[in-house]
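Residue numbers (our numbering), protein chains in the order written: chain H, 16 to 618; chain C, 16 to 618.
Hints were generated in silico from the structure; no laboratory data involved.
Take the hints with a grain of salt, since some may be wrong.
Note: identical chains are not told apart, hence a pair may lie in one copy or across any two.
[Unchecked claim] Straight-line alpha carbon distances no greater than 27 angstroms define the calculated BS3-like cross-link-like pairs of lysine-lysine that follow: (1) Lys24 - Lys545; (2) Lys597 - Lys607; (3) Lys437 - Lys581; (4) Lys49 - Lys545.
Note that the coordinates shown come from a computational prediction; the quantities given were computed from them, not determined experimentally.
Protein chains: 2
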Amino acid sequence: MAESMQGLKRTHRCGELTAALEGQQVTVMGWVQKNRNKGGLVFVDVRDRSGVIQVVFEEGKTEAGLLEKAAKLRAEYVVAVTGTVEKRSGAVNESLATGEIEIIPEGLRVLSESQTPPFPIEEHTKTREEVRLKYRYLDLRRPDLQRNLMLKSRVMTLTRQFFAEEGFLEVETPMLGKTTPEGARDYLVPSRIHPGCFYGLPQSPQLYKQLLMCAGMDRYIQIARCFRDEDLRADRQPEFTQIDMELSFVDVDDVIEVNERYLSRLFREVLGIEVQLPIRRMTWQEAMDRFGSDKPDLRFGMELTDVSDVVKDCGFGVFTGALDQGGTVRGLNVKGQGAMPRKKIDKLTAFVKDYGAKGLAYVAIQEDGSVKSSFAKFMTEEEMASLIRAMDGEPGDLLLFAADKQKVVWDSLGALRVELGKQLELFDKNAFCFVWITEFPLLEWSEEQNRYVAMHHPFTMPMEEDLPLIDTDPGKVRAKAYDIVLNGNEIGGGSVRIHQDDVQEKMFEVLGFTKEQAYSQFGFLLDAFKYGVPPHAGLAYGLDRLVMLMAGQESIRDVIAFPKVKDASCLMTEAPTPADQKQLEELGLLVKKEEKTADEKSL
Amino acid sequence: MAESMQGLKRTHRCGELTAALEGQQVTVMGWVQKNRNKGGLVFVDVRDRSGVIQVVFEEGKTEAGLLEKAAKLRAEYVVAVTGTVEKRSGAVNESLATGEIEIIPEGLRVLSESQTPPFPIEEHTKTREEVRLKYRYLDLRRPDLQRNLMLKSRVMTLTRQFFAEEGFLEVETPMLGKTTPEGARDYLVPSRIHPGCFYGLPQSPQLYKQLLMCAGMDRYIQIARCFRDEDLRADRQPEFTQIDMELSFVDVDDVIEVNERYLSRLFREVLGIEVQLPIRRMTWQEAMDRFGSDKPDLRFGMELTDVSDVVKDCGFGVFTGALDQGGTVRGLNVKGQGAMPRKKIDKLTAFVKDYGAKGLAYVAIQEDGSVKSSFAKFMTEEEMASLIRAMDGEPGDLLLFAADKQKVVWDSLGALRVELGKQLELFDKNAFCFVWITEFPLLEWSEEQNRYVAMHHPFTMPMEEDLPLIDTDPGKVRAKAYDIVLNGNEIGGGSVRIHQDDVQEKMFEVLGFTKEQAYSQFGFLLDAFKYGVPPHAGLAYGLDRLVMLMAGQESIRDVIAFPKVKDASCLMTEAPTPADQKQLEELGLLVKKEEKTADEKSL
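Pulled out of the complex, with its shape left as it was, chain H reads as follows (with noise of 0.2 angstroms):
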């Protein structure tokens, strides 16, 4: 039975307790994390969000109902203690923050039962997380989410606060919105007073934003919802949250600064680090020639190779049929590894199949400087010699090529690098890396759609240099974008926007519009271009993945107090769940299962 808590008031919570407070009466109220029964003694660790306070009930001492009452006590039980806070008489727990110190209770309530919980309640868990999920609010009270909640609670403040003393206004903008087409696919909701009629959950207040820009607000701030109804691959929610900021009257310099001092000031006050100003710039190009990836952890080296000129000419067909298709061939050194056994190269090959490789081709130089190569035989010995020079291939390394459109060699040799900088561990788990990327392509031509697409939205401005590219070789044309890179994770990104009318119907008959589908889509934003648009520019951080790569965890799901699975459910609350059949008549839908049964039926 529940005790009530009237006439009680909590004076601490359990962590707060200090040695500094012997001898004084203090009140907590917490978990019951554990009961020990010892000879005539009962110590009871108490928990709250702060952290494990010890009672110790004991015989002689305590008052015998009281005692009687503590030794029943069982995990999760809530608990009232009231009491004087002593130095331990027992060893010092240093395993604790509150170790040398112990409440000798006067008062105990038991405010609430519990039956025992499907797993216990405890750091680094081996639980299943599907278990967990479904017992959210049990795993949440385990120390190391209540960790990351408080961090990014933490996070959330300071970045308002931050930005709100640079002048940027928090503005709200709508969840329920117009749906387009265009991008990732909408969530819809369904109109009532409008059957037939959908809202559409936003992607991002992109549009919203550049409208406060229009609306003279100058500088905008946001820590928005977002949502993408797209097929989860890991480390993705249907719903997210974006750190969303929009700048007036600035070019790309501008937006960098700020949000460098931002950075530096988030990591030196909820982690204590220094981040290094200015942070690093490196053109697109640059990072993919050197890196293959958009997104370059730069805690390690390890570098790609263009070796394309070396092996131009050499024997090996597989190199030259890349080349004569316009490919390239690139080749990465991981230093110290040539005798990697061949089962473990074979396995690095299966990986780079996965990002569209045919293969990987490898040269491994042996101590006493011979090669063990797989093209060894379709090379002449001069044309291994160059090929390893150009590698600055050393004894004892191991040599992986990719050959293919430039597209494959980036991407597998990229993603090669990682995964082989995870497995060799050739970096420190503590540093923090930042790196600005900038200058991305516009456009991405679209196989798919056979035209040209935005690489990051329609409305992204060109470089003024490149203009002139734009009629002759769109696909050169650079745009005034940039990504924010941690550790090889974009942790946001962002872009200088079209404010001239001019440049953004270009911009739209590059993408293959007419005027109508542009106005159909856009035709506010165009609208409101028409009336004086400053020029402005702004970006996003994913507000999950910055908080779960400073928390030092390996999934969003740790940062997010309630998430999806992969399905897009709820394990807790088992949402989506079928509608009420009377919902759906209001809103003039029908379920079309149920008529394909109906069909079913009358056949």
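Given chain H, put chain C in place with the hints provided.
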């Protein structure tokens, strides 16, 4: 043609310029507010969110090309002006914060041109709201709306800062949740991966925040978007924002205490207004009896008087009839309005009919002490005299009476009181008058459903001393619920929650839920309650309404960047819109309307 701002950097916002900067070179960027051409002088007012600055181009002094360019500027062009701050040569403009100074320009760039806007960008516009909402990006340039959004941003920042300092954690709860048929109508979101299944957008994070307390988060805050698919009345939006909080190990007084400190700091720091603490408290019963409202406007008196006892034996059948049916007779003394014309009284009678009253009985006490009354003929002089005495009636007063069921009398006289308060200007418009309303009834009888329904929600804790009544007289049970009322508006409300299994079960029983029904809707919460629940309580403010009152606005649309209109559509984006056929197919949905058309065709 738009010029680039490359090479230019804004040094100040327009409103930041002061006489202290005299002689200094500055660059401002903003919109042309107006442009006057006067005998070789061109005066250009440049506006941004901070204010307006005058730029003076002068023949002979300004370079000719610049002067010509300036003369061609039109309203809402976006410009960058570089020049020197000087004391005004002409008269100081007292109505402008920067009225002492002007810029003598050395450079001018037109960053963006503008068509003539559909309405002028000015304060206190007379433009129809429909037009303003269609061009919201222009409407939001008006200084009054800019001030509102800046105020709202300030409120949000300060709110988060205050609660973070008080140990509250900001935790994000899901938007894609489980839909429940109880309460207001949910917005549904069809699932593509689970065809025929739906998420519900949250009406509030109520269940999640209680789960966070179960999870040991201790104190939670979120500025949370909420959704209700109801027919919109004035001042309702389909999506709205709550300042939502929950606290563990607390009772009513703790919640009130921290929120009083919050309100006091908020009003001091944002408006410079001192809130008198502690804020007055009034039970629900007292508020209804004295003001006919659970959100009384205490900026003025004119309280209701119960005259049921006085008139119970009188000859006026309307009074005694109402009393015979268990009703009540109450009156308002409208001081000094004894000479109110009959026509005006008739209008007030029509007014109360909207609240269910059958009419208003009146007594107008003339200056000479004689009486004009709609019912004097049914009463003896003595009865009338004692009625007037009971009402503290004096010569020149107007007494208005309603006789009906208690609820009807409260509603109609409560509304009439507020209406007369406005018409007769009985209160100081700049006053902020807070009151806590406490001890709400736990249950309300629903005629429609022929059962008790929860007045707040099914998790509200009954007052301990009323627990025995829950079986014998459930309508009499008071709840540990509280509202915070400002100037006759409920700006927030909350309650202590049930944290005991047995009380919760009893509650569902009284509400007529079977165990299965309770489980199918709230199973995960009831499950959570088996594993140790801390006593907890919470509160939520309606952010939009709070900011509306702080900004002295009449409509919440004036404090929301992109509001919707009465039919829940957005006049700017035209959302909601018909969905793409492909999107519907992916969701396994059919729009019924189209089906009907097909049927009709087949007839």
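- Task: Could you check the structure against the hints above and give me the numbers of any it violates, in ascending order?
- Result: Violated hints: none at all, because every hint is consistent with the structure.
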